[in-house]
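Protein chains in written order, with UniProt numbering: chain A, 1 to 341; chain B, 1 to 344.
Bear in mind the hints are in silico, worked out from the structure with no lab data behind them.
Some clues are possibly wrong.
Stated by the list, open to error - Using 27 Å as the maximum straight-line C-alpha spacing, the simulated DSSO-like pairs for lysine-lysine come out as follows: (1) K335/A to K268/B; (2) K90/A to K63/A; (3) K244/B to K300/B; (4) K44/B to K244/B; (5) K268/B to K34/A; (6) K178/B to K135/B; (7) K244/B to K178/B; (8) K268/B to K337/A; (9) K34/A to K7/A; (10) K90/A to K129/A; (11) K7/A to K63/A; (12) K244/B to K337/A; (13) K90/A to K7/A; (14) K244/B to K335/A; (15) K89/A to K58/A.
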Amino acid sequence: MSFLELKDLRVHFPTDDGLVRSVDGLSFRLERGKTLGIVGESGSGKSVTSLAVLGLHKGTRAKISGEIWLDGEELVSASAEHVRTLRGKKMAMIFQDPLSAMHPYYSVGAQIIEAYRIHNDVSKAVARKHAIDLLGRVGIPQPDRRVDSYPHEFSGGMRQRAMIAMALSCDPELLIADEPTTALDVTVQAQILDLMRDLQQEFDSALIIITHDLGVVAELSDDILVMYGGKCIEYGSAEDIFERPEHPYTWGLLGSMPRLDRERTERLMPIKGTPPSLINVPTGCAFHPRCAFEPRTEGKGRTVVPELLETEGGHLVRCHLSLEERRATWENEIKPKLESA
Amino acid sequence: MSESPEPLLSVQGLEKHFPITKGLIKRQVAAVKAVDGLSFDVVKGETLGLVGESGCGKTTTGRLITRLLEPTGGKIVFEGRDISHMSQSALRPLRRDMQMIFQDPYSSLNPRHTVGAIVGAPFRIQGVRTEHGTKKAVQDILELVGLNPEHYNRYPHEFSGGQRQRIGIARTLALKPKLIIADEPVSALDVSIQAQVVNLLEDLQNELDLTYVVIAHDLSVVRHISDRVAVMYLGKIVEIADRKDLYESPMHPYTTALLSAVPVPDVKRRSERERIRLQGDVPSPINPPAACRFHTRCWKAQEICRTVEPPLAQLDVRHQVACHFPENVPSDAVPEDAGTPVPG
Ligand SMILES: Nc1ncnc2c1ncn2[C@@H]1O[C@H](COP(=O)(O)OP(=O)(O)OP(=O)(O)O)[C@@H](O)[C@H]1O
Ligand SMILES: Nc1ncnc2c1ncn2[C@@H]1O[C@H](COP(=O)(O)OP(=O)(O)OP(=O)(O)O)[C@@H](O)[C@H]1O
Ligand code: SF4
Ligand code: SF4
Ligand SMILES: [Mg+2]
Ligand SMILES: [Mg+2]
Chain A
1 MSFLELKDLR
11 VHFPTDDGLV
21 RSVDGLSFRL
31 ERGKTLGIVG
41 ESGSGKSVTS
51 LAVLGLHKGT
61 RAKISGEIWL
71 DGEELVSASA
81 EHVRTLRGKK
91 MAMIFQDPLS
101 AMHPYYSVGA
111 QIIEAYRIHN
121 DVSKAVARKH
131 AIDLLGRVGI
141 PQPDRRVDSY
151 PHEFSGGMRQ
161 RAMIAMALSC
171 DPELLIADEP
181 TTALDVTVQA
191 QILDLMRDLQ
201 QEFDSALIII
211 THDLGVVAEL
221 SDDILVMYGG
231 KCIEYGSAED
241 IFERPEHPYT
251 WGLLGSMPRL
261 DRERTERLMP
271 IKGTPPSLIN
281 VPTGCAFHPR
291 CAFEPRTEGK
301 GRTVVPELLE
311 TEGGHLVRCH
321 LSLEERRATW
331 ENEIKPKLES
341 A
Chain B
1 MSESPEPLLS
11 VQGLEKHFPI
21 TKGLIKRQVA
31 AVKAVDGLSF
41 DVVKGETLGL
51 VGESGCGKTT
61 TGRLITRLLE
71 PTGGKIVFEG
81 RDISHMSQSA
91 LRPLRRDMQM
101 IFQDPYSSLN
111 PRHTVGAIVG
121 APFRIQGVRT
131 EHGTKKAVQD
141 ILELVGLNPE
151 HYNRYPHEFS
161 GGQRQRIGIA
171 RTLALKPKLI
181 IADEPVSALD
191 VSIQAQVVNL
201 LEDLQNELDL
211 TYVVIAHDLS
221 VVRHISDRVA
231 VMYLGKIVEI
241 ADRKDLYESP
251 MHPYTTALLS
261 AVPVPDVKRR
271 SERERIRLQG
281 DVPSPINPPA
291 ACRFHTRCWK
301 AQEICRTVEP
311 PLAQLDVRHQ
321 VACHFPENVP
331 SDAVPEDAGT
341 PVPG
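Chain A with its partners taken away, still in its complex shape (with noise of 0.2 Å):
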């Protein structure tokens, strides 16, 4: 069994205006020392997913089903109590925004303290050194004084740090990076990421990083999960999503995003029409009010989910077009508009 197994989840919420099914039928898997990456359009259920595999779901209305193996063990039957005592132990997360998951009126060594001697039983003198040990580690400059200032008295880039070292606290095994540089300015993102490459490499753990941008995605992943409507749509290593993506969805990702590292094309190619609604999920295939190829499946998408299958080597696609209709379209059609200049 892989170190982090996800089976059939499915994370509902009941609303006033009907059943929102945010996560209908995911499964992945994931090793220690690997990272996967989670791409999506916003609300596609990205972040309800890594709540479930934290617990965080656990006492709200959320109806969760399917199982989470965490190292051999189950989380969705687990008791909550027990789920937190992982989390922060054996799993730890890291948000967009460091300030609401700070809190404001103790300092950010404080709290770094207070996480690991939850979980270690240390005197306060033995934690300290250790979260400036962690400061440092995260490249906070200073550590020794600046484990005393206030959340509010770092920058940005300060704060994604801190907030790194506290999720780094107790040596996770399992790392879920939720859009972790989307609020921060371009060169101070990419030492993020340098940082996140490097911790995972000294720490082996595994990564889950979650994000809307396919660069970010990019550079981290060696496993890419692309999301939409709630399940996945395609799955692959980040050459096969780069390389021969085969999901329509993935096309239109490709076409819609600009690139440096390639001659500036005349014009993107947007997906047309906006994502779906989660409560009057569209019959059949979820993609295809959007999709450009759903004449192609004489019917089908409109009215058949289609499942998700293996073309090859662990690269999964859902989608009633045939494997070779797919590759012949990706090489024919879209991948000379991708890269004319």
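Given the structure of chain A, go ahead and fit chain B with the ligands onto it with the hints provided.
Coordinates of chain B with the ligands only, in the frame set by chain A:
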């Protein structure tokens, strides 16, 4: 693009210092030098991209040009008229010609007004009469930006982010402006929707002969949309050049660093990419570093960078750079003496 004799917009030594006050009598103790001496021209029909990190003064620049703010120094010349200190009433007719698109498609639309009222407001405010009535005019614009004219009576919350941004764009187009300042027009949108809005801005520019100043922090979007690009750092322009020159042979170390920091999805070559990593964050604009403001983060900094401010000098055709030790300088370029004032 040929040198145009008369720019549509000309900005000369533009400054905005926000006072920081203290105590009951509001004594000024310091100033935020948000914009500190910008000079650039925008010719008719072109798109100037304005990039730089958070807090470098991009939005302030946009608000100065559209005179939502009054400059504390320098000049803004629009169609040959100095509008730097024009009164609001004198500015009113000019507001038709200059419009601003805001970053946040959620907060920039009044939730209690219908789409028709929002897009039609400029007609009423300016007292403009249209041939077939305001409603028809508004519906035409809605169609132009790819919205259904039947949406006339709907409210903003009934639309998605991309559609709301279209409503915002429709509103700015109502009076057929000549110049549009777009402040982060796509950064709040999903990638697939961003591309829709970028294409829309391009189509409208061709169709209506618009001139744009596009403010954005995303360097890939700016390359896609701009003809010329200005890079700002702490209230100053450090480099300005035609798109291709700026992206292919940047001369300012900061531009080089910015470009190398952008994550690109080139998975085959990710380990080979050469990266320049800047240390630390952008310093405060309250007490910006002396001389070259970039010297605290620049790997090429020498003593002179800390003592003499490098002027924005023309080092190649249509390529200006403010640095004592620029990169990619063509061999035949004759750099001006350091310390000479910036011409014009
Ligand atoms: N507590 C909740 N109650 C009802 N609906 C919810 C709740 N939490 C999330 N949702 C809905 O579930 C869907 C998925 O949300 P999620 O936060 O996972 O999206 P995301 O992929 O992380 O998007 P983003 O890129 O915007 O962060 C959204 O439509 C959201 O509105
Ligand atoms: N009204 C104001 N009073 C005081 N300081 C201000 C005011 N408006 C802006 N500033 C400051 O001026 C500087 C430039 O701000 P501006 O909003 O122009 O930056 P920006 O480049 O648009 O940044 P961002 O990318 O974050 O939008 C910042 O330090 C900001 O805090
Ligand atoms: S199943 Fe049909 S509608 Fe869905 S992505 Fe494939 S071609 Fe498009
Ligand atoms: S003037 Fe000096 S410090 Fe400033 S950018 Fe050039 S080399 Fe760097
Ligand atoms: Mg999210
Ligand atoms: Mg701004």
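> Which of the listed hints are broken here?
Replying inline: As far as the earlier hints go, not one is violated by this structure.
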